[in-house]
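Visitor: Residues in the sequence shown are numbered from 3 upward in steps of one, following the working numbering.
Mixed in with the good hints, there may be bad ones.
[Claimed, not checked] Derived lysine to any residue pairs resembling SDA-like cross-links, with alpha carbons at most 25 Å apart:
1. Lys111 - Leu36
2. Lys111 - Tyr90
3. Lys111 - Gly85
4. Lys111 - Asp42
5. Lys25 - Leu80
6. Lys111 - Arg37
[What the hints assert, rightly or not] Have a look at the derived ranges for each label pair, beta carbon to beta carbon:
7. His78 - Met35: 35 to 45 Å
8. Arg41 - Glu98: 18 to 28 Å
9. Arg37 - Gly61: 27 to 37 Å
10. Arg37 - His83: 15 to 25 Å
11. Ser117 - Met23: 29 to 39 Å
12. Asp19 - Glu103: 16 to 26 Å
13. Met23 - Arg104: 42 to 52 Å
14. Ser22 - Gly61: 26 to 36 Å
These are computed hints drawn from the structure, not numbers from a lab.
Quick caveat, the model's predicted, so the values are computed rather than measured.
Cβ atoms here follow ideal geometry from the backbone N, Cα and C, with glycine treated the same way.
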Amino acid sequence: MILGGPNVTTETFFWKDRVSMEKLSSIFHLREMLRQLERDVGLDELTRFERDVLLVAHGLCRTPGEIIRSEQIREHPLVRHSGQATFYRAIRSLMERGLLERAGSSKAKTYVVRSDLVGVPLPLSDKP
């Protein structure tokens with residue numbers, strides 16, 4: 003029986019299907035472990051996009067207290083797809099929670115990640 007071309011037999015089809023299932027199972031287990039880790043450090047109270055912004059900002063910093071520009075965060079593939087308003091709402095929310103701070107007295111779009119606060123209970127936002 004030919005299922006997808008001259009060289010794809012029933013046996014090949016089911017073998018590929020089993021490999022796909024194993025890969026999906028692996029992804030599922032990784033996602034579950036990631037969600038548990040996020041819960042353990044209190045990041046589960048953030049929206050998915052807020053988590054992405056925080057993690058990108060943290061990942062771009064080589065040292066604690068390093069200043070990072072919003073453009074650096076915004077250009078990362080994990081958050082690049084968002085609209086500008088969504089991005090800055092996430093920045094504002096992270097600042098309200100104390101996880102991001104403006105760098106010094108600058109009003110420019112530069113921030114410091116407060117990684118030392120990860121794992122500390124986050125203040126609740128005023129979101130409905």
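Visitor: Hint by hint, say whether it matches the structure.
Guide: Verification of the hints:
1. Lys111 - Leu36: violated, 30 Å
2. Lys111 - Tyr90: holds, 10 Å
3. Lys111 - Gly85: holds, 17 Å
4. Lys111 - Asp42: violated, 30 Å
5. Lys25 - Leu80: Within the cut-off at roughly 22 Å; holds.
6. Lys111 - Arg37: violated, 30 Å
7. His78 - Met35: 35 to 45 Å: violated, 23 Å
8. Arg41 - Glu98: 18 to 28 Å: Holds, at about 21 Å.
9. Arg37 - Gly61: 27 to 37 Å: Between Arg37 and Gly61, where Cβ atoms are some 19 Å apart, the hint is violated.
10. Arg37 - His83: 15 to 25 Å: holds, 21 Å
11. Ser117 - Met23: 29 to 39 Å: holds, 37 Å
12. Asp19 - Glu103: 16 to 26 Å: For Asp19 and Glu103 the Cβ distance comes to about 50 Å; the hint is violated.
13. Met23 - Arg104: 42 to 52 Å: holds, 48 Å
14. Ser22 - Gly61: 26 to 36 Å: Hint holds: Cβ distance 30 Å, inside 26 to 36 Å.
In the structure shown, a violation is registered for the earlier hints numbered 1, 4, 6, 7, 9, 12, in ascending order.
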